[in-house]
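Trainee: Protein sequence lines correspond, in order, to chains A and B.
Numbering-wise, my numbering puts 82 at position 82 of the first sequence, and it's gapless, one number per residue.
Numbering-wise, my numbering puts 64 at position 64 of the second sequence, and it's gapless, one number per residue.
If you're looking for bench data, these hints aren't it; they were derived computationally from the structure.
Heads up, some of the hints might be wrong.
Computed list of lysine to any residue pairs in SDA-like fashion (alpha-carbon distance at most 20 Å, straight line) [said to hold, decoys possible]:
{"id": "1", "chain 1": "A", "residue 1": "104", "chain 2": "B", "residue 2": "41"}
{"id": "2", "chain 1": "B", "residue 1": "104", "chain 2": "A", "residue 2": "83"}
{"id": "3", "chain 1": "A", "residue 1": "104", "chain 2": "B", "residue 2": "3"}
{"id": "4", "chain 1": "A", "residue 1": "104", "chain 2": "B", "residue 2": "54"}
{"id": "5", "chain 1": "A", "residue 1": "60", "chain 2": "A", "residue 2": "31"}
{"id": "6", "chain 1": "B", "residue 1": "104", "chain 2": "A", "residue 2": "69"}
{"id": "7", "chain 1": "A", "residue 1": "104", "chain 2": "B", "residue 2": "58"}
{"id": "8", "chain 1": "A", "residue 1": "60", "chain 2": "B", "residue 2": "53"}
Computed footprint of chain B on chain A, listed as stretches where at least three residues anywhere in the stretch have a Cβ under 8 Å from a Cβ of chain B [to be verified]:
{"id": "9", "stretch": "4-18"}
{"id": "10", "stretch": "40-46"}
{"id": "11", "stretch": "63-70"}
Ranges between beta-carbon positions, derived for each pair [unchecked claim]:
{"id": "12", "chain 1": "B", "residue 1": "5", "chain 2": "A", "residue 2": "4", "range": "54 to 60 Å"}
{"id": "13", "chain 1": "B", "residue 1": "23", "chain 2": "A", "residue 2": "13", "range": "24 to 30 Å"}
{"id": "14", "chain 1": "A", "residue 1": "23", "chain 2": "B", "residue 2": "35", "range": "40 to 46 Å"}
{"id": "15", "chain 1": "B", "residue 1": "94", "chain 2": "A", "residue 2": "93", "range": "44 to 50 Å"}
{"id": "16", "chain 1": "B", "residue 1": "30", "chain 2": "A", "residue 2": "2", "range": "28 to 34 Å"}
{"id": "17", "chain 1": "A", "residue 1": "107", "chain 2": "B", "residue 2": "80", "range": "41 to 47 Å"}
{"id": "18", "chain 1": "A", "residue 1": "59", "chain 2": "B", "residue 2": "23", "range": "52 to 58 Å"}
All C-beta atoms, glycine included, are put in the ideal place defined by N, C-alpha and C.
If you want the building blocks of each chain, they are given just below.
Number of protein chains: 2
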Amino acid sequence: MRIGELSKRTGTPVRMLRYYEARNLIVSERLHNGYRDYDDYVVDRVRQIRGLLDVGLPTKIIRQILPCLDSPRTIHMPYLTPDMVAALEQVRDRMAEKIEVLTKNHTAVGDYLRAAGFDAEAS
Amino acid sequence: MRIGELSKRTGTPVRMLRYYEARNLIVSERLHNGYRDYDDYVVDRVRQIRGLLDVGLPTKIIRQILPCLDSPRTIHMPYLTPDMVAALEQVRDRMAEKIEVLTKNHTAVGDYLRAAGFDAEAS
DNA sequence: TTTGACCCTGACATCAATGTCATCCGTTGA
DNA sequence: TCAACGGATGACATTGATGTCAGGGTCAAA
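Based on the sequences and whatever the hints tell you, model everything.
Mentor: Here's what the structure looks like:
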């Protein structure tokens, strides 16, 4: 698909799609004219990228963990230097920390709303 | 305590502490000279702020949820307009989404490392 | 009293993500 | 063929969090 459709399908500005490519988070073929052409799997990848950005991870880190997210994980899991492993472990641990922070605050806000009498349900 | 100690205790640059104050995330008294003077509870508050920033929340949102985090929640839970409630509910839901994204990716990275033969343990 | 550590304010710089604009090319339907 | 639309590139602006520096007070210890 071309960039316009990818944009619609992911709710992502075209500008950003080109930006993600510049940062090596996604790739594209080129059609006979210069138009970008994307494989279908890129839709999911873009969604993942946006989710990770939203959660405070910079593109540099996202690039590192993208290989972990490839669909057929069996394939293409090459040259893992100890450095890369260490980096991934660190990213994973920082993600765990973030989850803790978010969970705690999610709970706090929920409790607050309940205590205020609003929002009696909805975890 | 003065700003230097708060900085040490929270591992936060002095610059940022003043910034958080400018953004109305923390408050300070002033000593006879113009020096800022912080209550002890600010230490925890700063840690919370940093955690939330790290998880991708902007100061504007953090300001909204800070009341939910006040220690004796019974006290000072005033004027909740429907708008504020709606805003908090939305923030809470977005936090839930973030948690999901993070959890999913945390698992993926963990699985990847395990599949690569590294890191056999450590959830 | 002087020095050094700490504080103040305010200005400017930076970095990453994102918005906006200008200019040009390709495709397609009236 | 021309208008309209989508695409490409590249430059510039903006926003938010942060770094850094300049110029100027406070205060305690030497």
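Trainee: Against this structure, judge whether each hint is valid.
Mentor: Evaluated hints:
For the hint linking residue 104 (chain A) to residue 41 (chain B), the alpha-carbon distance of about 18 Å falls within 20 Å, and the restraint holds. For the hint linking residue 104 (chain B) to residue 83 (chain A), the alpha-carbon distance of about 23 Å lies beyond 20 Å, and the restraint is violated. For the proposed pair residue 104 (chain A) and residue 3 (chain B), the alpha carbon gap of about 27 Å is over 20 Å, so the pair is violated. Simply put, residue 104 (chain A) and residue 54 (chain B) have alpha-carbon atoms about 14 Å apart, close enough for the 20 Å limit, and the pair holds.
Using a Cα cut-off of 20 Å, the hinted pair residue 60 (chain A) and residue 31 (chain A) is violated, with the two alpha carbons roughly 28 Å apart. This hinted pair checks out: residue 104 (chain B) and residue 69 (chain A) have alpha carbons roughly 10 Å apart, not beyond 20 Å. Annotation: proposed proximity of residue 104 (chain A) to residue 58 (chain B) holds, straight-line Cα distance about 17 Å (limit 20 Å). Among the hinted pairs, residue 60 (chain A) with residue 53 (chain B) is consistent with the structure: their alpha-carbon atoms are about 18 Å apart, no more than 20 Å.
Coverage of a stretch by a chain is defined here by at least three residues with a beta carbon nearer than 8 Å to that chain's beta carbons; for the stretch 4-18 of chain A and chain B the count is 0, and the condition is violated. For the stretch 40-46 of chain A, the assignment as covered by chain B is violated, since 0 residues bring a beta-carbon within under 8 Å of that chain's beta-carbons and 3 are needed. For the stretch 63-70 of chain A, the stated coverage by chain B is satisfied: 4 residues place a CB nearer than 8 Å to a CB of that chain, which reaches the threshold of 3. Between residue 5 (chain B) and residue 4 (chain A), the C-beta spacing of about 55 Å keeps the proposed range 54 to 60 Å intact.
Here the CB-CB span from residue 23 (chain B) to residue 13 (chain A) is close to 27 Å, well matched to the stated 24 to 30 Å. The given range of 40 to 46 Å is respected by residue 23 (chain A) and residue 35 (chain B), whose C-beta atoms sit roughly 44 Å from each other. Between residue 94 (chain B) and residue 93 (chain A) the beta carbons are some 24 Å apart, a value that contradicts the proposed interval 44 to 50 Å. Separation of residue 30 (chain B) from residue 2 (chain A) is about 60 Å and departs from the stated range, judged on CB atoms against 28 to 34 Å.
Distance hint check: the CB atoms of residue 107 (chain A) and residue 80 (chain B) are about 18 Å apart, inconsistent with the given range 41 to 47 Å. About 25 Å separates the C-beta atoms of residue 59 (chain A) and residue 23 (chain B), a value inconsistent with the hinted range of 52 to 58 Å.
Taken one by one, the earlier hints fail for this structure at numbers 2, 3, 5, 9, 10, 15, 16, 17, 18, listed in ascending order.
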